[in-house]
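**Q** Sequence:
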Amino acid sequence: MQVLKCCLTIFFIFSCPLLASAQTHTLTQEHSQILEFSLDNFSKQDYKRATRCLIRTFEEQNNVHFKPGPYKRVGIKVYSRSGPGLSTPHNLVEAVIDFLIEQGYEKKDIFIVDEYARYLRDAGFLPPLSDGGKTFDGTPVLALDSGKYWDVNWFYENALPSREINLFSQVFSPYSNNISSTGVDRKSFLPTVLFLNVDFWINLPMVTSTEALGIGGAVQNISLWNVSNNSRFFTNPAQASIAAAEIAAIPELKNTLAFTILTLERYQYIGSTTFNANYTETEPLLFLSNNPAALDFLMLKRINRERAKKRLPLVESPPPFLEYMNALGFPNYHGSSVSIKNISSSCR
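Our numbering numbers the first residue of the sequence shown as 1 and each following residue consecutively.
Do not take every clue at face value.
To be verified - Simulated pairs of lysine-lysine, DSS-like, Cα-Cα distance not exceeding 30 angstroms:
1) LYS309 x LYS341
2) LYS48 x LYS134
3) LYS148 x LYS107
4) LYS48 x LYS341
5) LYS48 x LYS107
These aren't lab readings, by the way, just hints derived from the structure by calculation.
Every value quoted in this text rests on a predicted model; they were computed, and no experiment measured them.
Go ahead and model the full structure; you've got the sequences and the hints to work with.
**A** Here is the structure:
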């Protein structure tokens, strides 16, 4: 097992035969662009038109093409932790699936993934238990808490002890004969389904304020909400910020992530992951970028704008995790390093 360490004040450790991937879309440029599309409404048809326009423009600008590769397999990471009120909209997910099918994938080649089966079911991505099945309109849905998509050789490790050690032993026992409890409470296992034998994956987060990072959005959806044993970070904001940046920077996850599509159909500016319609806002906008930190900073300004209107304390700006991501090689997330381009008129 090859062990790599990247350190700010703690380590991430993971074993890896390095992935060879012609489909990789790494962040190496100094400048980042956020593509913006103004929606007429939030119907599937409107999302479909916007999604196609955003991805086509991104392909042209970056000289990449999201067609079936050697594995003919694509992942879609959704957000379902806050229930149906603040989960990734079904219409957006269906629009992305339709685009991938147009590119040559079949529904069986695409999968939707998130942390917990219970959340996926509450958000409508999994059918009720009484109905059975594990698909969303024919597209496979994978729950990371099943334990099937973690591997003992791929993990992120730091000094924070687990709050879920009993859960770990229960989850892994059906799937692994060689996992040791020694040190497992300090490990967060990685979603290998998103970087082993997959062409690429797409991040479809939602945005809410969180105590751990200040903002739960694009970065948290690819990091803390994408690994096991993550509750240990949520009571320690300093360690959560470091962990989020380091997990996001793990080459295998980073290099197979194609881009993030972020909808403003609904975002929440107070209340953490517990949905509260009284503290949500809606804007008819859809964003696409391969710089998740830039998207989070963009949304942080909106969160603080809404908090200021209600005379609520503002979220620290910039949150520490954004600075840590810069230190780990991600492009800058604000200022002249980031531009926003509305492309709606080019695709009408």
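**Q** Taking the hints in turn, state whether each one holds.
**A** Verification of the hints:
1. LYS309 x LYS341: holds, 27 angstroms
2. LYS48 x LYS134: OK: LYS48 and LYS134 at ~24 angstroms, within 30 angstroms.
3. LYS148 x LYS107: holds, 20 angstroms
4. LYS48 x LYS341: holds, 19 angstroms
5. LYS48 x LYS107: holds, 16 angstroms
Checked against the numbered hints given earlier, the structure satisfies every one of them.
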